[in-house]
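K.L.:
What follows is the residue order along each chain.
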Amino acid sequence: MSSASLLEAPPLAPALRCRDVRVSFRDHEVVCGVDLELAPGEWLGIIGPNGAGKSTLLRSIIGLTDFLGTVALGDGSAPGAADVALVPQFPVLPKGMTVAEYVLLGRTAHLGWLARESQADRQIVSSVLHRLELSAFADRFVSTLSGGEAQQVVVARALAQQCPVLLLDEPTSALDVGHQVSVLELVDDLRRTEGLSVLAAMHDLSAAGRFADRLILIDHGRIVAQGSPVEVLDADLLSAVYGTPLTVQTIDGELVVLPASRRREKEPS
Amino acid sequence: MADASLPATALADSDAANPAVGRAFGLSASATLIGIAVLVAVAVLSAISGAAGLPVSGIFAALFDWIPLLGVESSLSATQESILFEIRLPRLVLGMLVGGSLAVAGASYQGVFRNPLADPYLLGVSAGAGFGAVLALGFGLDLGWGPFDTVPAAAFLGALVAVLASMGIARGGGASPATLLLGGVAMAALFSAAQTYAIQQLDENRAREVLSWLFGQLNTTGWKEIWLLLPYVAVCGAVLFVHRRHLDVLRVGDDEARSLGLDPVRSRLTVIVAASLLTAAAVSVSGLIAFVGLVVPHIVRLLISHSYRVIVPLSALVGAAFLAFVDIGARTLLAPEELPVGILTAFVGAPFFALVLWRDRWSTT
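Quick mapping for you: the protein sequence lines, in order, are chains A and B. For the first sequence, this note's numbering begins at 1 and goes up steadily by one. For the second sequence, this note's numbering begins at 1 and goes up steadily by one.
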């Protein structure tokens, strides 16, 4: 992988830049002029309530939906499947497809003529599986994997695309708490060792605070706050945006966002 | 098994160090060899069986005589040689081409429609071809042009019109697999009705001629049908072969396919056009041979792999062997009478189809 050169390159140009991105469905604007820059090696978290436009923003970056404005890589070109890899929220796991075949799908952007999988393709699949300690799973069917294993395999497919930018669309929403943490730790580990930049829509605010370098809070398609997790994970701000009272506490040095208890308010009545 | 707990340095980045990775990729080579062996065995069996009672040793001698520099002399009489080279071998080769074409078209349709029960006659191909043939035969249309006889030409045109109409209907609905299927159902119903009406208007002899064509047969006049079919097999077969990995990518859905760098609409359109042309060409020389395109990809899927990387090329081999084998039965079971081969494939295919429907663990792959 080209990780070394990525890390050594001076971080002048952003890995990804969005300028005034707007997405409309019929007459309704879902993303209303979002600007963002993703620095090389950075984990940028996008948070916001359901329907705020997080997924739609990611979909426009990867070209799955029409949008106005510009999405560009550091060199100004439009991103393709060799530049930006997506880990979808609810990946399709076809019946009868082996893990190795599934990870091979990540090589689609590198299909040669005659479409034979090259030795390089196999090598990449093999080393990605090895990197994620999934080698023993290679000939298992993806449809028979547990949720946590499956999500690791989806990450493996994204890695096989060999893209410098990884998009995660609420990657852990189908997982229990243990697997949520392990998948996010895996991505964080890959970010450090492979020099990836990560742009992740996240619904778990505490996890967002723990893993992201920077957070963007979106509401009704607009950025309402951005900055370090300490700045964005503000109880008053989050309570207003999510429409429910939230508290932010620091436990063992980590920010934890919790729903505020309403019991006290009810007691006097 | 590569043990994940081993230190990383103990594992080299190679298929050899990851036996499961090797297994997941390595199946197709041995399976292809077995497929070729089966095809050759069926071809030999087909060449030596038949009503004329050609001596087996003579057949081999005649075949080897054909290969230069081998110094083997044919021991067959001139009549026997012409039976072998002008009747038996063309029919064998035609059976293999038609069987391979239908199987590859079926595998491709199953891939693009993400439905294991899709078959080559899905988009109204059969009904359109039938209607074209009935019109040409029954009403004495002369569509013959150059080397093309009237019936194949009319069948080809009918199939093409039906497919294009199905796709035209579906374009209005966003060209999703579901709307294409429904467009095909509509076209098939329309053309079947037209075909039935047209047959009703024919006199008895012509109606019988049309029906025997509809049942599917592999009658040859020398090598003519093969030269007609070969360009389509070469071009469409190559297109489908090159798109086999696209079919795997399409299995994860259009959005993910696009995020992986595939244009799903263009891939689907290319595959549908190539598979439909291939089917129309096969139908135009052989009539309607049922179930080959449905059963053969399933056999490959059950025995070897669910990946279209493997299913598409192996379906060509297995389809060729399957139809050539069934045709031996069609030629010999009721000799000297001949069974329409389409009826025999249906006898084999229909129970298999039912089995696939009943076993639901097969039906959603």
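Bear in mind the hints are in silico, worked out from the structure with no lab data behind them. Ideal Cβ positions, reconstructed from N, Cα and C, are used throughout, including at glycine. Check each hint, because a few of them may be wrong.
Said to hold, decoys possible - Which chain A residues stay away from chain B? Per the calculated CB distances, all over 10 angstroms, these: (1) E29; (2) L44; (3) D75; (4) P91; (5) S135; (6) L145; (7) Q161; (8) E170; (9) H203; (10) S228.
To be verified - Listed below are the simulated SDA-like cross-link pairs for lysine to any residue, each with C-alpha atoms no more than 25 angstroms apart in a straight line: (11) A:K95 - B:T179; (12) A:K95 - B:V44; (13) A:K95 - B:L117; (14) A:K95 - B:L355; (15) A:K95 - B:V235; (16) A:K95 - A:R116; (17) A:K95 - B:D263; (18) A:K95 - B:S305; (19) A:K95 - B:A29; (20) A:K95 - A:A136; (21) A:K95 - B:R258; (22) A:K95 - B:L302; (23) A:K95 - B:L181; (24) A:K95 - B:F325; (25) A:K95 - B:I304; (26) A:K95 - B:A234; (27) A:K95 - B:P264; (28) B:K224 - B:E338; (29) B:K224 - B:V235; (30) A:K95 - B:K224; (31) B:K224 - B:L117; (32) B:K224 - B:V44; (33) A:K95 - A:D121; (34) A:K95 - A:E117; (35) A:K95 - B:S30; (36) B:K224 - B:A234; (37) B:K224 - B:F325; (38) A:K95 - B:D255.
K.L.:
Work down the list of hints and note, for each, if the structure agrees.
P.N.:
Verification of the hints:
With 10 angstroms as the threshold on Cβ separation, the claim that A:E29 sits away from chain B holds: the shortest Cβ distance comes to roughly 21 angstroms. For A:L44, the requirement that its beta carbon stay farther than 10 angstroms from each beta carbon of chain B is met, with the minimum near 19 angstroms. Distance check for A:D75 against chain B: the nearest CB is about 18 angstroms away, which clears 10 angstroms, and the non-interface claim stands. Against chain B, the non-interface label of A:P91 is violated: not every CB pair exceeds 10 angstroms, the least being about 7 angstroms.
With a least CB separation of 4 angstroms from chain B, A:S135 falls inside the 10 angstroms interface cut-off, contrary to its annotation. Consistency note on A:L145: stated as away from chain B, and its beta-carbon is indeed over 10 angstroms from all of that chain's, at 14 angstroms minimum. Non-interface status of A:Q161 relative to chain B is broken: a Cβ of that chain comes within 10 angstroms, the nearest being about 7 angstroms off. Non-interface call for A:E170 relative to chain B: holds, since the shortest CB-CB distance, roughly 15 angstroms, exceeds 10 angstroms.
Under the 10 angstroms C-beta cut-off, the non-interface status given to A:H203 relative to chain B holds; the minimum distance is some 19 angstroms. Under the 10 angstroms C-beta cut-off, the non-interface status given to A:S228 relative to chain B holds; the minimum distance is some 30 angstroms. Simply put, A:K95 and B:T179 have alpha-carbon atoms about 23 angstroms apart, close enough for the 25 angstroms limit, and the pair holds. For a cut-off of 25 angstroms, the pair hint linking A:K95 to B:V44 is broken: about 38 angstroms separates their Cα positions.
For a cut-off of 25 angstroms, the pair hint linking A:K95 to B:L117 stands: about 15 angstroms separates their Cα positions. Proximity of A:K95 to B:L355 is assessed by CA-CA distance (about 19 angstroms); at most 25 angstroms being required, the pair is judged to hold. Proposed proximity of A:K95 and B:V235 is contradicted: the alpha carbons are some 31 angstroms apart, above 25 angstroms. Under the criterion of a C-alpha separation no larger than 25 angstroms, the hint pairing A:K95 with A:R116 is consistent with the structure, at around 22 angstroms.
Restraint check for A:K95 and B:D263: satisfied, since their Cα atoms lie roughly 22 angstroms apart, inside the 25 angstroms limit. Taking the CA atoms of A:K95 and B:S305, the gap is near 11 angstroms; set against the 25 angstroms cutoff, the hint holds. Restraint check for A:K95 and B:A29: satisfied, since their Cα atoms lie roughly 23 angstroms apart, inside the 25 angstroms limit. For the given pair, A:K95 sits about 19 angstroms from A:A136 by alpha-carbon distance, which is consistent with the 25 angstroms threshold.
The suggested pairing of A:K95 with B:R258 holds, with an alpha-carbon distance near 20 angstroms, which does not exceed 25 angstroms. Note on A:K95 and B:L302: the hinted pairing holds, with a Cα-Cα distance of about 12 angstroms set against a maximum of 25 angstroms. For the given pair, A:K95 sits about 22 angstroms from B:L181 by alpha-carbon distance, which is consistent with the 25 angstroms threshold. A threshold of 25 angstroms between alpha carbons decides the hint, and for A:K95 with B:F325 the separation of about 31 angstroms lies outside it, so the pair is violated.
Restraint check for A:K95 and B:I304: the C-alpha separation of about 14 angstroms stays at or below 25 angstroms, so the hint holds. With a CA separation close to 31 angstroms, the supplied pair A:K95 and B:A234 exceeds the 25 angstroms bound. Annotation: proposed proximity of A:K95 to B:P264 holds, straight-line Cα distance about 20 angstroms (limit 25 angstroms). Restraint check for B:K224 and B:E338: satisfied, since their Cα atoms lie roughly 21 angstroms apart, inside the 25 angstroms limit.
In summary, the hint linking B:K224 to B:V235 is supported, as the alpha carbons are separated by about 18 angstroms, within the 25 angstroms threshold. Distance restraint check for A:K95 and B:K224: the Cα-Cα separation of roughly 43 angstroms exceeds the 25 angstroms cut-off, and the hinted pair is therefore not satisfied. Proposed proximity of B:K224 and B:L117 is contradicted: the alpha carbons are some 33 angstroms apart, above 25 angstroms. The hinted pair formed by B:K224 and B:V44 meets the criterion: a straight-line CA distance of about 22 angstroms does not exceed 25 angstroms.
Among the hinted pairs, A:K95 with A:D121 is consistent with the structure: their alpha-carbon atoms are about 22 angstroms apart, no more than 25 angstroms. In summary, the hint linking A:K95 to A:E117 is supported, as the alpha carbons are separated by about 21 angstroms, within the 25 angstroms threshold. Of the supplied pair hints, the one linking A:K95 and B:S30 holds, its CA atoms being roughly 23 angstroms apart against a limit of 25 angstroms. A distance of roughly 16 angstroms separates the Cα atoms of B:K224 and B:A234; the hinted pair therefore holds under the 25 angstroms criterion.
For the hint pairing B:K224 with B:F325, the CA-to-CA distance comes to about 22 angstroms; that is within 25 angstroms, so the pair holds. The hinted pair formed by A:K95 and B:D255 meets the criterion: a straight-line CA distance of about 18 angstroms does not exceed 25 angstroms.
Violated hints, listed in ascending order, are 4, 5, 7, 12, 15, 24, 26, 30, 31; each of the other numbered hints is respected by the structure.
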